[in-house]
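Peer 1: The listed protein sequences derive, respectively, from chains V and Z. Counting in my numbering, the first sequence runs from 242 upward without gaps. Counting in my numbering, the second sequence runs from 7 upward without gaps.
Everything labelled a hint here was simulated from the structure, so no lab data went into it. This list has only true hints and no planted wrong ones.
Derived lysine to aspartate or glutamate pairs resembling EDC-like cross-links, with alpha carbons at most 16 Å apart:
| # | chain 1 | residue 1 | chain 2 | residue 2 |
| --- | --- | --- | --- | --- |
| 1 | V | 500 | Z | 274 |
| 2 | V | 331 | Z | 290 |
| 3 | V | 355 | V | 372 |
| 4 | V | 329 | Z | 293 |
| 5 | Z | 95 | V | 514 |
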Amino acid sequence: MGWAIALHGGAGDIPRSLPPERRIPREAALRHCLDIGVVALKANKHPLDVVELVVRELENIPNYNAGRGSVLTTAGTVEMEACIMDGKTKKCGAVSGLTTVVNPISLARLVMEKTSHIYLAFDGAEAFAREQGVETVDPSHFITQENIERLNQAKEANRVQIDYTQPIQKEVKAETHIADGDSQIGTVGCVAVDNHGNLATATSTGGLVNKMVGRIGDTPIIGSGTYANRLCAVSATGKGEEIIRGTVARDVAALMEFKGLSLKEAAAYVVEESTPKGNVGLVAVSATGEVTMAFNTTGMFRACATEDGYTEIGIWPSPQT
Amino acid sequence: MGGWAIAVHGGAGVDPNLPAHRQEEAKKLLTHCLEIGISALRSNLPAIDIVELVVRELETDPLFNSGRGSALTAKGTVEMEASIMDGTKRRCGAVSGVTTVKNPISLARLVMEKSPHSYLAFSGAEEFAREQGVETVENEYFITEENVGMLKLAKEANSILFDYRIPNPIESCSAGAAATDSPLQMNGLPISLYAPETVGCVVVDSEGRCAAATSTGGLVNKMTGRIGDSPIIGAGTYACDLCGVSCTGEGEAIIRGTLAREVAAVMEYKGLNLQQAVDFVIKEKLDQGFAGLIAVSKNGEVTCGFNTNGMFRGCATENGFMDVGIWN
Numbered sequence: 242m243g244w245a246i247a248l249h250g251g252a253g254d255i256p257r258s259l260p261p262e263r264r265i266p267r268e269a270a271l272r273h274c275l276d277i278g279v280v281a282l283k284a285n286k287h288p289l290d291v292v293e294l295v296v297r298e299l300e301n302i303p304n305y306n307a308g309r310g311s312v313l314t315t316a317g318t319v320e321m322e323a324c325i326m327d328g329k330t331k332k333c334g335a336v337s338g339l340t341t342v343v344n345p346i347s348l349a350r351l352v353m354e355k356t357s358h359i360y361l362a363f364d365g366a367e368a369f370a371r372e373q374g375v376e377t378v379d380p381s382h383f384i385t386q387e388n389i390e391r392l393n394q395a396k397e398a399n400r401v402q403i404d405y406t407q408p409i410q411k412e413v414k415a416e417t418h419i420a421d422g423d424s425q426i427g428t429v430g431c432v433a434v435d436n437h438g439n440l441a442t443a444t445s446t447g448g449l450v451n452k453m454v455g456r457i458g459d460t461p462i463i464g465s466g467t468y469a470n471r472l473c474a475v476s477a478t479g480k481g482e483e484i485i486r487g488t489v490a491r492d493v494a495a496l497m498e499f500k501g502l503s504l505k506e507a508a509a510y511v512v513e514e515s516t517p518k519g520n521v522g523l524v525a526v527s528a529t530g531e532v533t534m535a536f537n538t539t540g541m542f543r544a545c546a547t548e549d550g551y552t553e554i555g556i557w558p559s560p561q562t
Numbered sequence: 007m008g009g010w011a012i013a014v015h016g017g018a019g020v021d022p023n024l025p026a027h028r029q030e031e032a033k034k035l036l037t038h039c040l041e042i043g044i045s046a047l048r049s050n051l052p053a054i055d056i057v058e059l060v061v062r063e064l065e066t067d068p069l070f071n072s073g074r075g076s077a078l079t080a081k082g083t084v085e086m087e088a089s090i091m092d093g094t095k096r097r098c099g100a101v102s103g104v105t106t107v108k109n110p111i112s113l114a115r116l117v118m119e120k121s122p123h124s125y126l127a128f129s130g131a132e133e134f135a136r137e138q139g140v141e142t143v144e145n146e147y148f149i150t151e152e153n154v155g156m157l158k159l160a161k162e163a164n165s166i167l168f169d170y171r172i173p174n175p176i177e178s179c180s181a182g183a184a185a186t187d188s189p190l191q192m193n194g195l196p197i198s199l200y201a202p203e204t205v206g207c208v209v210v211d212s213e214g215r216c217a218a219a220t221s222t223g224g225l226v227n228k229m230t231g232r233i234g235d236s237p238i239i240g241a242g243t244y245a246c247d248l249c250g251v252s253c254t255g256e257g258e259a260i261i262r263g264t265l266a267r268e269v270a271a272v273m274e275y276k277g278l279n280l281q282q283a284v285d286f287v288i289k290e291k292l293d294q295g296f297a298g299l300i301a302v303s304k305n306g307e308v309t310c311g312f313n314t315n316g317m318f319r320g321c322a323t324e325n326g327f328m329d330v331g332i333w334n
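Only chain V is shown next, with the shape it has when bound in the complex:
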């Protein structure tokens, strides 16, 4: 046993040709967030606190599709959603349709701790945010130039994009620097377990590029994008609609519980057998301190560390050992 932590910045069609100026800041951000999480675990913070603070950090980083840097709806606006769950108690909190809250994951936690409900959305969630006095800003705070570009691309291609989709190749159109293979951002999430087997998970996102206003994805759906119980904690990323119909996060835990699979086996089964290729990634930790990061997409921004010193930060599949 021992503590373990894993985090992700989204799974998708991340091309190997990703230019260094796009790749390096994102890797650095993963490393930074991993360090913060590890420090907190070493300081004996409860995993619920650890996953919240790591996801807050990821939300604040504009390179990732959560909080600031969220992708845009078809109306050019930001609608954020997030979810947090505690493994031992299965208490959870979720929010959707946020437009002014700087840290959606913290509002999700407040829903869990300060209301008798699990899930608040849109105007009701915003009103709750004001009651709770959380930090709110003008909606323009969350919008980045990159995301305006992504939305334009998607509208031109007339489709809703999982944010890692490669830009549509137009015949002779010279791609702008920003559009060059650069839809590589995604949902963020973090899972953690401490020495006592306390488990927690947190996920946060802006959703799909060019999504319909009011579209809810897998992130705030307990059992789909986010789930934790006494066995494990899971955070998923990818095409929300596939994660929902695959009840991905719950299935990892269910395979462990009902079929006796190990954490790694369960995660591998879900991404390889139960969900369509190119759509899903996840990070998970078990009560006994194991960690796994699995995906069936080209890549997934991810990082993990365990108490016995193992560390991994990556984007594409690791070479098979």
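Following the hints, put chain Z in place on chain V, whose structure we already have.
Peer 2: Okay, now just chain Z, sitting in the frame of chain V:
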């Protein structure tokens, strides 16, 4: 194959003192809905069509807590939610925060079939409804006098309540009173103040295809924007090749227990049959929570399970079995 089967529910958790005429009304509506479903099954409509049309009927009737007759939010308005799932290919659709759409379950179906998404909510769902040309009405249409009365009681008791058909005498609702005359409690409140009436339907058709649909107005006096289990795929609603499930009761417990998916998961991963799966889930996966569910399997089995005091439900199978009930 085992033939077709259908089940409907109108909510789990019933006041043991519910007057006889209210019980009759409920049973009559459940029977009527079963008959509509059975007729459709005999016409060889697919399961997905049948769960939708049965739930539409339940939404339209003001008796239970869905569509017209929905419980009211703290602001005295109606915010409805629903979800539907087709076991074949596990397609799904859900809506929340619906305020003018006459039949939320049909909007959920349109999300599944006519949008690139699985779940739309609030103004986005309403906008989609207009684009799709579904029937819309003023929010007032959904509000019934009984529910206005219920909200008033809930505010006086200063608590979140599930829908309760029979307004209780004021003395039982004195502010801060957690004690109750009735020994039965649910969600920490006297059961006399608690009777959730989410509606749902599950069907397996003669081709062995399963489907599930659930619809609700949610909790009395809920915060605006509160979403419960009914639109959450895997919680209130789930269908796959093996089965179709619709749940009702304490939303928070159903979500935490991923109840509907749980039934299918133990069938799939533990090899339990439908009855074993339902019994297992109700017994082991609700912790301190109270809920009920109906379920069908691709083999033509149908069952219900609940740990509440009663559940409004009915079921029928192709070989002529039919049962409508409230109590254990």
